[in-house]
Amino acid sequence: AQTVTQSQPEMSVQEAETVTLSCTYDTSESDYYLFWYKQPPSRQMILVIRQEAYKQQNATENRFSVNFQKAAKSFSLKISDSQLGDAAMYFCAYRSAKNYGGATNKLIFGTGTLLAVQP
Amino acid sequence: NAGVTQTPKFQVLKTGQSMTLQCAQDMNHEYMSWYRQDPGMGLRLIHYSVGAGITDQGEVPNGYNVSRSTTEDFPLRLLSAAPSQTSVYFCASRMFVNTEAFFGQGTRLTVV
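Quick note, the sequences are listed as chains A and B, same order.
Residue numbering for the first sequence is 1 to 119, as defined by the working numbering.
Residue numbering for the second sequence is 1001 to 1112, as defined by the working numbering.
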């Protein structure tokens, strides 16, 4: 079974600085998707960034970028020029690309990293 | 464009009561799912549906029922609430098998 591990329960960053959130995962599959979701105090789950495992190029979305290391099964999120609105819980998630037993319908989440942004 | 709408946002139930959490999406998505979020455990899949009339169990299905009579709606039923079902519940939908999921705003349920 696949697992996702976020080893940093809490992180803090100064406004305008850069922070990296860690995520590792365990799988025997070669085709899958990885996601970072942001959950602000409003509780809404917001997709930050997505990475397809077959793509070697790291995904980027404005100030958000990932460092995807497939061999090491690592998927870290870098937030540049941190803003107060970035303060939230961040979840790393995995989804299979092959539909064995409905696996593509299941997002597997890590336990989250709570990011605080200091003014 | 409302996206994924969950009602109610908050609910308190007594042990043994039943209730239905509503989920509706207006994006014509085929795939819909229910997750629960507990402290320190991330989100876990309860049930999912790949289209009207088709549902299946996820990781933690016990104590919950679902049905999917229309593409738009995917209600989650608690037949006899237990304190262990105290959680935040999220409904999610997506268009295709390889697209990302959109989440509703969640329902915070407390069972006393």
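It is worth saying that the hints were derived from the structure and are not from the lab.
Model, not experiment: these values are computed from the prediction.
Check before you lean on any hint, since a few could be wrong.
Calculated Cβ distances over 12 Å to all of chain A for the following chain B residues [stated by the list, open to error]:
hint	residue
1	1020
2	1028
3	1052
4	1070
5	1078
6	1082
7	1092
8	1107
9	1112
One-sided excerpt, in silico: chain A residues whose CB lies under 10 Å from chain B [unchecked claim]:
hint	residue
10	30
11	33
12	47
13	52
14	56
15	63
16	65
17	95
18	116
19	117
For each residue, glycine too, the CB sits at the ideal point set by N, CA and C.
To see whether the hints hold, each was checked on the structure:
Remark: the non-interface label on residue 1020 of chain B is consistent with the geometry, its nearest Cβ contact in chain A lying 20 Å away (cut-off 12 Å). With a minimum CB-CB distance of about 18 Å to chain A, residue 1028 of chain B clears the 12 Å threshold, and the non-interface call stands. Every beta carbon of chain A lies more than 12 Å from that of residue 1052 of chain B, the smallest distance being close to 15 Å; the non-interface claim holds. Every CB of chain A is more than 12 Å from the CB of residue 1070 of chain B (nearest about 19 Å), matching its label as outside the interface.
With 12 Å as the threshold on Cβ separation, the claim that residue 1078 of chain B sits away from chain A holds: the shortest Cβ distance comes to roughly 19 Å. With a least beta-carbon separation of about 23 Å from chain A, residue 1082 of chain B lies farther than 12 Å from that chain, consistent with its non-interface assignment. For residue 1092 of chain B, the condition that its CB be more than 12 Å from all CB atoms of chain A is violated, with the nearest at approximately 8 Å. Distance check for residue 1107 of chain B against chain A: the nearest CB is about 9 Å away, which does not clear 12 Å, and the non-interface claim fails.
No Cβ of chain A comes within 12 Å of the Cβ of residue 1112 of chain B; the nearest lies about 21 Å off, and the non-interface call holds. The restraint placing residue 30 of chain A at the interface with chain B is violated, with a minimum CB-CB distance near 15 Å, outside the 10 Å limit. At a threshold of 10 Å, the smallest CB-CB gap from residue 33 of chain A to chain B is about 7 Å, leaving the interface hint in force. Because the closest C-beta pair between residue 47 of chain A and chain B is about 5 Å apart, less than 10 Å, the hint holds.
Proximity of residue 52 of chain A to chain B holds as hinted, the smallest CB-CB distance being about 8 Å (cut-off 10 Å). Given hint, residue 56 of chain A at the interface with chain B, is violated; its Cβ is 18 Å from that chain's nearest Cβ, farther than 10 Å. With a cut of 10 Å, the hint placing residue 63 of chain A at the interface with chain B is violated, because the nearest CB-to-CB distance is about 19 Å. Taking 10 Å as the C-beta contact cut-off toward chain B, the hint placing residue 65 of chain A at the interface is violated, the least distance being around 17 Å.
Here the hint on residue 95 of chain A is kept, as its CB sits about 9 Å from the closest CB of chain B, short of 10 Å. Interface hint status for residue 116 of chain A: violated, as the beta-carbon distance to the closest one in chain B is roughly 18 Å, over 10 Å. Contact between residue 117 of chain A and chain B, as hinted, is not supported at the beta carbon level, the nearest pair being about 22 Å apart and thus beyond 10 Å.
In the structure shown, a violation is registered for the earlier hints numbered 7, 8, 10, 14, 15, 16, 18 and 19, in ascending order.
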